[in-house]
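Sequences listed follow chains Y and C, in order. Per the working numbering, the very first residue in the first sequence carries number 1; after that it's consecutive. Per the working numbering, the very first residue in the second sequence carries number 1; after that it's consecutive.
One thing to keep in mind: the hints can contain errors.
Said to hold, decoys possible - On the chain C side, residues computed to face chain Y include the following (Cβ under 7 Å):
#1 Q88
#2 L117
#3 D139
#4 A141
#5 D286
To be clear, the hints were calculated from the coordinates, so they are not data collected in a lab. Yeah, the Cβ is synthetic: ideal placement off N, Cα and C, and Gly gets one too.
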Amino acid sequence: MGMLDAADAAIRSLINPYYYGILVTIGINIVLALSLNLVTGFTGQLHLGHAAFMAIGAYTAGVLATRTEAGFWVAVASAAAAATLFGIIVGLPTLRLRGDYLAIATLGFGEIVRIALLNLDITGGPFGLRGIPRETNLPLVILVVAVTYLVLASLVHSRIGRALIAIREDEVAAAAMGIETTRMKVTAFTVAAAFAGIAGALFAFWFRYLNPSSFGFAVSIEMLAMVVLGGLGNLLGAVLGAAIMTMLPEALRTAAPAVAEHRMVLYGALLVVVMILRPNGLLGTSSEHGWLEVWLRRYRAAGRPANGPRGERHGAA
Amino acid sequence: MSVHRLGNWRAKSFVAAAVGLFVLAFGMAALAQVPEVVIGTLGPLSGDYATYGTSVANGVELAINEANASGMYNVRFVLRKEDTRGDQVQALNAINKLIELDQVAAIVGPVLSGETLTAGLIAQDSGVPFITPSATNPDVAKIGEYEFRNVITDDVQAAQMAEYAVTVLGLKRLAILYSNNDYGVGLRRSFEQTARALGAEVVAVESYLDGDSNFSAQVTNIAAQNPDGLYIAGYYTEAAKIAQQAALQGLNVRIMGADGFDSPQLIALGGPAVEGALFTSGFYADTEDELAKEFVQKYQAAYGSKPDMFAANAYDSARILIQVISEVGADRQAIRDGIAAIRDFPGVTGLTSFAENGDAVKPLYILRVENGRFAQER
Numbered sequence: 001m002g003m004l005d006a007a008d009a010a011i012r013s014l015i016n017p018y019y020y021g022i023l024v025t026i027g028i029n030i031v032l033a034l035s036l037n038l039v040t041g042f043t044g045q046l047h048l049g050h051a052a053f054m055a056i057g058a059y060t061a062g063v064l065a066t067r068t069e070a071g072f073w074v075a076v077a078s079a080a081a082a083a084t085l086f087g088i089i090v091g092l093p094t095l096r097l098r099g100d101y102l103a104i105a106t107l108g109f110g111e112i113v114r115i116a117l118l119n120l121d122i123t124g125g126p127f128g129l130r131g132i133p134r135e136t137n138l139p140l141v142i143l144v145v146a147v148t149y150l151v152l153a154s155l156v157h158s159r160i161g162r163a164l165i166a167i168r169e170d171e172v173a174a175a176a177m178g179i180e181t182t183r184m185k186v187t188a189f190t191v192a193a194a195f196a197g198i199a200g201a202l203f204a205f206w207f208r209y210l211n212p213s214s215f216g217f218a219v220s221i222e223m224l225a226m227v228v229l230g231g232l233g234n235l236l237g238a239v240l241g242a243a244i245m246t247m248l249p250e251a252l253r254t255a256a257p258a259v260a261e262h263r264m265v266l267y268g269a270l271l272v273v274v275m276i277l278r279p280n281g282l283l284g285t286s287s288e289h290g291w292l293e294v295w296l297r298r299y300r301a302a303g304r305p306a307n308g309p310r311g312e313r314h315g316a317a
Numbered sequence: 001m002s003v004h005r006l007g008n009w010r011a012k013s014f015v016a017a018a019v020g021l022f023v024l025a026f027g028m029a030a031l032a033q034v035p036e037v038v039i040g041t042l043g044p045l046s047g048d049y050a051t052y053g054t055s056v057a058n059g060v061e062l063a064i065n066e067a068n069a070s071g072m073y074n075v076r077f078v079l080r081k082e083d084t085r086g087d088q089v090q091a092l093n094a095i096n097k098l099i100e101l102d103q104v105a106a107i108v109g110p111v112l113s114g115e116t117l118t119a120g121l122i123a124q125d126s127g128v129p130f131i132t133p134s135a136t137n138p139d140v141a142k143i144g145e146y147e148f149r150n151v152i153t154d155d156v157q158a159a160q161m162a163e164y165a166v167t168v169l170g171l172k173r174l175a176i177l178y179s180n181n182d183y184g185v186g187l188r189r190s191f192e193q194t195a196r197a198l199g200a201e202v203v204a205v206e207s208y209l210d211g212d213s214n215f216s217a218q219v220t221n222i223a224a225q226n227p228d229g230l231y232i233a234g235y236y237t238e239a240a241k242i243a244q245q246a247a248l249q250g251l252n253v254r255i256m257g258a259d260g261f262d263s264p265q266l267i268a269l270g271g272p273a274v275e276g277a278l279f280t281s282g283f284y285a286d287t288e289d290e291l292a293k294e295f296v297q298k299y300q301a302a303y304g305s306k307p308d309m310f311a312a313n314a315y316d317s318a319r320i321l322i323q324v325i326s327e328v329g330a331d332r333q334a335i336r337d338g339i340a341a342i343r344d345f346p347g348v349t350g351l352t353s354f355a356e357n358g359d360a361v362k363p364l365y366i367l368r369v370e371n372g373r374f375a376q377e378r
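Isolated chain Y, as found in the complex (with noise of 0.2 Å):
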């Protein structure tokens, strides 16, 4: 940690608090969009489940902060590992299901695991947990983000990646070609689950407390906003989609007052002026188009209308 540190504070006495906490907020992130990128983007599973293990992580790693002798290491280690254990129990029977019935399964955890951390002592209940040491700071993040980022990476254009895109473009044809498609798409959920577990463990030693309320299904959603915002499939899209999501809000919090006033709207607004100019995402590299293309390229075949708008400016040049 000594190294860290030293880069701790070289950042510290650089950048404002407030930035520096809003950087952190986007490492967390991108772990996070990373790791459902690869479920979601690469193998094409629908996953609206992911903050759940996002808080096994959070709530591993604070239960044993605060209630053990454990360090910062051992913690943040049992949180991936809590992680992985539940993705693989959860993994083998929901990952038979397709689609919706794979997204309701998701769905359906991810409130199962919120309900449970409501109601178990251990936790704290609707109480929450708190006196959890802050021991997560910016080198550490960008040191996770960067193993998540090559360990992601390499996953992707290994045999096992070819084999998780060869399910997400046809399920038959990649079981018909030999791919053994639950387990790929089990190894692939599970990878999934132990990053969102670490991710959940710097959380909780950033923010110091843990309520139930702060992985719901709105924070899966959110998730998988990130992704879809930066593009499908694509691990520098995760990136941008997660740094894009987490910057937006606090860029218009710190703009005018009359923009700062509704920066919720016009933050929503953004994301659906961004998805219809960009269908697949900022990075999206698939070939599909977006209405708004094929609606062009339609209007373009038919050639101008004659009296429209359009027709006389061109006219008056």
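Fit chain C to the given chain Y structure using the hints.
Below, chain C alone, put in the same frame as chain Y:
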């Protein structure tokens, strides 16, 4: 060429205007020699809990506008409002922004317990005094010496209701129906403990989840124990439905609750079933108290609605900060000590002091539903 001359004229007039503006700005700056003190507030201004955050922001804004308009102070108070959307991630960013970018002297907020337990730690670490007007989670008091809480906590409310039920109303067999969240669980614990300590019997304890609409199983279990009072530890929506279903099952006992009952919706939804219900509240909008009456009128004129407890507590908290800052200046440590030293501050929620742990010590009303209105029982 005319174009050239026009351009020249434009440049000249631009310079003249710039000089004029500069002089004007300088003159105004010279006039406005009054130092500024920034007070921050943060809470959910959007999302599910926006009604609480908006009430708090309005209460703070009203107090600050009044102070600036009064001309009584040799400083000008500037308000910075930040939205948390009710989530702890944004609460942390919001409080960092207030402290690090806006350099606030002190803060009214955060509003919700969850965001206070996250963002409050930052204010404590940075040595920025803050008064939460609404976070009632018992752990909030443990944040540290920069934390103050100008709201009566859930355990105090439940304890006082239990005491009133047993010693004044003479109830002997009490039943509790609680919402399974931090609010309901906290109230239940304290009510049960106090009632037992005073010698009453707690004959049934049942729970529900917010959003439930069928309580017949719980009501049946409670009715079987033949209680003489029912304490509903939860919010008005469910409380109104519980009261109706209890009446339908012939369980006509005294219904009691806490400030979760404090909404006109309790009466609108509950109708005759909630008639006679008692609940504790830190604020009574139809009070005869002169100070509070004046506040209600001013608030209504400014925001078009009656203030609730959140607005009243926030208004008092901001006025406490204004008074302390006018006495000790903008130094954060001095403000903290000033707040801790406040004794019997005349607030619209009653005479207010702070205990050693930062919790407000002030009167608690017991209100009664009477002819479709809230009346003061105690």
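Taking the hints in turn, this is what the structure says about them:
no.: 1; hint: Q88; verdict: holds, 5 Å
no.: 2; hint: L117; verdict: holds, 4 Å
no.: 3; hint: D139; verdict: holds, 5 Å
no.: 4; hint: A141; verdict: violated, 12 Å
no.: 5; hint: D286; verdict: violated, 32 Å
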